Amino acid sequence: MTMFFQQLVNGITQGGLYALLAIAYSLVYGVMGLVNFSTGSIYMLGAMSSWLVCKYIIESFWLSVLISFGVGFVVAFVLEKIAFSAIRGATRIASLICTIGFSQFINEAVALIFGKATQGMSTFFDQELFAFLGVHISVMQAVLVVTVIIILVALQFFVYRTRIGLAIRTVSMDEKTAGLMGINVNRTISIAFSLSGACAAIAGLMGAVYYRSFSAYMGWMPGIKSFSAAVFGGLSSMPGAILGGYLMGIIENFGVQVFSTGYRDVISFIVMIVFLLVRPQGILGSKKKVKL
Amino acid sequence: MLRSEKICVRFGGLVAVDHVSLTVEEGTIHAIIGPNGAGKTTFFNTISGAEKPAEGKVFFRDEDITGLPPHRIAEKGIGRTFQNIKLFNSMSVLENVLCGMHLNVRSNIVQDMLGMSFQRREERELLEKCESLLKQVGLYDKRDLKANNLPYGEQRKLEIVRAMATDASLLMLDEPAAGMNPTETRELMQFIRKINDEGLTILLIEHDVRMVMTLADKITVLDHGIKIAEGSAEDVRHDANVIEAYLGKSYRGAVDV
Amino acid sequence: MERKRYSKYNRLLVALAALIIVLILPYVFSGYILQIAVYAYIYILLASSLNLLIGYAGIFSMGHVGFYCVGAYTSALLATKLDMPFVICFFAAGLLAALAGAFVGFVALRLNDIFFAFATMGLSEVIRIVIQNSDFTNGTLGVTGIPLPEWFGRSMNREEFYYLVVVIVVIVVVLISKLAKSHTGRTLAMIRDDQNAAASLGVNIFKYKMMVMVLSCFIAGLAGSLYATFIQYINASNFGITVSINIIAMVAIGGMGTVSGPVIGAILLQLLPEYIRFLSNFRQIIYGAAIVISIMFAPKGLVGIRWRRIKLIDQLCCLFETKLNNEES
Ligand SMILES: Nc1ncnc2c1ncn2[C@@H]1O[C@H](COP(=O)(O)OP(=O)(O)OP(=O)(O)O)[C@@H](O)[C@H]1O
Ligand SMILES: [Mg+2]
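Top line first, the protein sequences correspond to chains X, L and F. Going by my numbering, the first sequence opens with residue 1, and the numbers climb by one from there. Going by my numbering, the second sequence opens with residue 1001, and the numbers climb by one from there. Going by my numbering, the third sequence opens with residue 2001, and the numbers climb by one from there.
What the hints contain is simulated information worked out from the structure, not anything from laboratory work. There may be inaccurate statements among the hints.
Unchecked claim - Simulated pairs of lysine-lysine, DSSO-like, Cα-Cα distance not exceeding 30 Å:
#: 1; chain 1: X; residue 1: Lys176; chain 2: L; residue 2: Lys1146
#: 2; chain 1: L; residue 1: Lys1146; chain 2: F; residue 2: Lys2178
#: 3; chain 1: F; residue 1: Lys2181; chain 2: L; residue 2: Lys1142
#: 4; chain 1: L; residue 1: Lys1142; chain 2: F; residue 2: Lys2178
#: 5; chain 1: X; residue 1: Lys176; chain 2: L; residue 2: Lys1076
#: 6; chain 1: L; residue 1: Lys1086; chain 2: F; residue 2: Lys2008
#: 7; chain 1: L; residue 1: Lys1006; chain 2: L; residue 2: Lys1057
#: 8; chain 1: F; residue 1: Lys2008; chain 2: X; residue 2: Lys176
#: 9; chain 1: L; residue 1: Lys1052; chain 2: L; residue 2: Lys1146
#: 10; chain 1: L; residue 1: Lys1057; chain 2: X; residue 2: Lys176
#: 11; chain 1: L; residue 1: Lys1135; chain 2: F; residue 2: Lys2207
#: 12; chain 1: L; residue 1: Lys1086; chain 2: L; residue 2: Lys1146
#: 13; chain 1: F; residue 1: Lys2207; chain 2: L; residue 2: Lys1076
#: 14; chain 1: F; residue 1: Lys2081; chain 2: L; residue 2: Lys1086
#: 15; chain 1: F; residue 1: Lys2181; chain 2: L; residue 2: Lys1086
#: 16; chain 1: X; residue 1: Lys81; chain 2: X; residue 2: Lys116
#: 17; chain 1: L; residue 1: Lys1052; chain 2: F; residue 2: Lys2181
#: 18; chain 1: L; residue 1: Lys1135; chain 2: L; residue 2: Lys1146
#: 19; chain 1: F; residue 1: Lys2081; chain 2: L; residue 2: Lys1129
#: 20; chain 1: L; residue 1: Lys1146; chain 2: F; residue 2: Lys2300
As the list claims (entries may be wrong) - The calculated label-pair distances, taken between Cβ atoms and stated as ranges, are:
#: 21; chain 1: L; residue 1: Ser1092; chain 2: X; residue 2: Asn186; range: 29 to 39 Å
#: 22; chain 1: F; residue 1: Ser2134; chain 2: X; residue 2: Asn184; range: 50 to 60 Å
#: 23; chain 1: F; residue 1: Gly2031; chain 2: X; residue 2: Gly120; range: 52 to 62 Å
#: 24; chain 1: F; residue 1: Val2107; chain 2: L; residue 2: Leu1114; range: 28 to 38 Å
#: 25; chain 1: X; residue 1: Phe125; chain 2: F; residue 2: Phe2206; range: 49 to 59 Å
#: 26; chain 1: X; residue 1: Met181; chain 2: L; residue 2: Ser1232; range: 36 to 46 Å
#: 27; chain 1: X; residue 1: Asn184; chain 2: F; residue 2: Ile2305; range: 47 to 57 Å
#: 28; chain 1: F; residue 1: Ile2305; chain 2: X; residue 2: Arg212; range: 42 to 52 Å
These numbers come from a predicted model, not from an experiment. Note that the Cβ used here is the ideal one computed from N, Cα and C, for glycine as well.
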């Protein structure tokens, strides 16, 4: 039983990271029907900037959050301008390939500058919050969980209660009509994209804090796994993506108990593949029909 | 030749096609008209297999073809064009027509890799056929242009030729005159008349009233997915339901279309 | 007309020069450089086969490495565990990879392009991780002691194997180029351009996608077998997603949907970082940047760039041509 709760707590913590990343995918997929493959790299950049802040400026969790947010936002903004705006009208495949190129470029550039090795990260909130019947929860875990929830709630508020959010949702439904209704489609896409970058970067910061490390290649697996999570919950629905993220975190942590740790990374892929085949719209998503 | 029986297509709550039955006689030009969103294109899609009907059946030459995939329906001899033109834009005009010959090509992937000699002969025969088709519509001189470099009206023509290349016996044209200027439309009308005289049965969606009235042997009118009238041009022109559907209730009986 | 004849002439010249270089390479170099050359040839197979999917049929697979891996392991295990001769290992590798491709295609081809990409990537990772954790495949240790093929009662040396690889690559590329020009090639292009239109003309899209998937995976499997046999040691960790991305880079940079594009892309991306020493640290970064740049500025790849548009090159070409012309007359 103790084991069960401990895994649940770990799963929820990790699921929060996946949820943030899954939201990042979902935002972009919503407005452009595309997948930004470099989301994992922006995650890594978020981790990197917080690592740099802690190492060279001040060991502050909250400053790191701010800086990561900014870095993710700006990088995604630039990326959108280059990879998508500049090649509007190119095929979807070309755009996807372009983001793959970016992802590769960012990862390798960071590896070149800071080395390929894993670097230690300062620890925050290391004390134990409480231990109950052998279930350990650290302050850090609590902070991560709460921060993620705050961000997710804020994001929901932004998307469902503000004008820009309304624009984002409108463009997601029908880009052409949105344009005709006087919505600045390009700007909306740009904002959604940048916001998605910011989410990914904050997830990266959380990852760095949670695993107490940073490395140039740390974005790979979370990037792919959280895409699986987004597919799992429903790529076209933001609540779906969040649900998928949390479920994926929990499933993975329980899965490790059932299978050996060597297979840890397979679990999320199998979940994704099964869902793609059985229910491609995910748990909460809805099917979009294409008109001839 | 083609018979639909009480076809229904639903999109969520919307009934796009509502129990539509009609019969297309062999050798005729049959037109479907109706206001925007009446369900005409959806009806086409159902026949060509792109959309599966929730209810109802489609028969082609008395054979049940309901729910067959699009390529099987093409094999049966039903060709179509699309309302928003769907040409192969990476290819030339001539290649587009060659694509239409797909069902006439006998070679398979292995023979293609080995490059058998009979294939070159086959390819040459197909080429000649395509070229003569292109000559008929006056696109022969533009055969080497990329398809999307053609003017809009000629793209429509090319799409028709491509559909004809499949050796279809029933041709379904979705708003073929859309985007054409009056001269082009007149030419198109003559062309449609001509291929009809040569034996092709034609099912036509068109908003151009003059074209429909002069060409069609029979007209079916759809509105909100429901068949509201059917008959010759003359019958339809004076039908009260049709006038109402197009112009609204207040015009009922007031005008002669 | 004049231009056309010359461009054909030029191309023949280039092909001849390339062939000569390829053939004398083992006499000039040995060891490491030979090895790099063989890698480049194997990557030609991989890039050309992936190009069948991406460039011709518009199917975006990000899991090509998975089939390469299946081929390599099939060949390696047959050779080491069952002492099978190379011919059998080689074709078995192709067949098993094709079978895997057929299976993946059957379950995943009805997905849309992006989902297909991620599904194949996921599957290729699953394959890798399963191999890495299974005792049958020697787990993380990999398979060692894979023998080179035998002929005339003795084991081939590496130079002879080099020529074998060259012959196989040439055969495969020629077959692909024939396929590309044939009606099947045109049918794949139809599917890539517009599936609805293709279906309305009687194209069985699923059938064609399956065929090209099987063919492409078959070639990737063959490439895997050549790799395992040449290197004589394989390890699942060499078959990660990066390899898929490298192959994609080669296709995108060389030119999608052309025969020569992937060939040029593979050679360029494989050789440049090796020969230009200071570049080798930047190898992966170059791949990344090259992908972005080529998609943005040369969407048809190096092959699609109209070099003649660049003034200097055009002038040089003209000079060369007039010279040839003078010599002829
Ligand atoms: N794939 C789809 N998903 C949801 N609704 C659809 C779809 N296709 C068509 N509809 C709806 O079904 C109705 C009929 O559409 P359809 O395109 O058949 O009309 P139409 O008669 O061809 O109109 P038009 O003259 O404008 O071409 C419309 O209300 C349309 O919005
Ligand atoms: Mg319509």
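For each hint, the structure was consulted:
Of the pairs offered as hints, the one joining Lys176/X and Lys1146/L holds, with about 27 Å between alpha carbons and a cut-off of 30 Å not exceeded. Taking the CA atoms of Lys1146/L and Lys2178/F, the gap is near 22 Å; set against the 30 Å cutoff, the hint holds. The suggested pairing of Lys2181/F with Lys1142/L holds, with an alpha-carbon distance near 21 Å, which does not exceed 30 Å. Distance check on the hinted pair: Lys1142/L and Lys2178/F sit about 26 Å apart at the alpha-carbon level, within 30 Å; holds.
For the suggested pair Lys176/X and Lys1076/L, the alpha carbons sit about 37 Å apart, so the restraint of at most 30 Å is broken. For the given pair, Lys1086/L sits about 34 Å from Lys2008/F by alpha-carbon distance, which is inconsistent with the 30 Å threshold. Restraint check for Lys1006/L and Lys1057/L: the C-alpha separation of about 7 Å stays at or below 30 Å, so the hint holds. About 46 Å separates the Cα atoms of Lys2008/F and Lys176/X, which puts this hinted pair outside 30 Å; it is violated.
With a C-alpha separation of about 34 Å, the suggested pairing of Lys1052/L with Lys1146/L is violated against the 30 Å cut-off. Of the pairs offered as hints, the one joining Lys1057/L and Lys176/X is violated, with about 35 Å between alpha carbons and a cut-off of 30 Å exceeded. For the suggested pair Lys1135/L and Lys2207/F, the alpha carbons sit about 33 Å apart, so the restraint of at most 30 Å is broken. Taken as a hint, the Lys1086/L and Lys1146/L pair is honoured in the structure, with Cα atoms around 13 Å apart against an allowance of 30 Å.
For the suggested pair Lys2207/F and Lys1076/L, the alpha carbons sit about 18 Å apart, so the restraint of at most 30 Å is met. For the suggested pair Lys2081/F and Lys1086/L, the alpha carbons sit about 54 Å apart, so the restraint of at most 30 Å is broken. Simply put, Lys2181/F and Lys1086/L have alpha-carbon atoms about 22 Å apart, close enough for the 30 Å limit, and the pair holds. Restraint check for Lys81/X and Lys116/X: satisfied, since their Cα atoms lie roughly 29 Å apart, inside the 30 Å limit.
Distance check on the hinted pair: Lys1052/L and Lys2181/F sit about 35 Å apart at the alpha-carbon level, beyond 30 Å; violated. A C-alpha spacing of about 17 Å is found between Lys1135/L and Lys1146/L, which places the hinted pair at or below 30 Å, so the restraint holds. About 58 Å separates the Cα atoms of Lys2081/F and Lys1129/L, which puts this hinted pair outside 30 Å; it is violated. Annotation: proposed proximity of Lys1146/L to Lys2300/F holds, straight-line Cα distance about 16 Å (limit 30 Å).
Taken as a hint, the range 29 to 39 Å holds for the pair Ser1092/L and Asn186/X, whose Cβ atoms sit roughly 34 Å apart. The hinted range of 50 to 60 Å is satisfied by Ser2134/F and Asn184/X, whose Cβ atoms lie roughly 54 Å apart. In this structure the hint that Gly2031/F and Gly120/X lie 52 to 62 Å apart at CB is violated, the actual value being about 41 Å. Distance hint for Val2107/F and Leu1114/L: a CB-CB separation of about 30 Å, consistent with the stated range 28 to 38 Å.
One distance hint, 49 to 59 Å for the beta-carbon pair Phe125/X and Phe2206/F, holds here, with the actual separation near 54 Å. In this structure, Met181/X and Ser1232/L meet the distance hint of 36 to 46 Å, their C-beta atoms being roughly 43 Å apart. Remark: the range hint 47 to 57 Å for Asn184/X to Ile2305/F is contradicted by a beta-carbon distance near 35 Å. Checked against the hint of 42 to 52 Å, the C-beta distance between Ile2305/F and Arg212/X comes to roughly 48 Å, which is consistent with it.
In summary, the numbered hints that this structure violates are 5, 6, 8, 9, 10, 11, 14, 17, 19, 23, 27.
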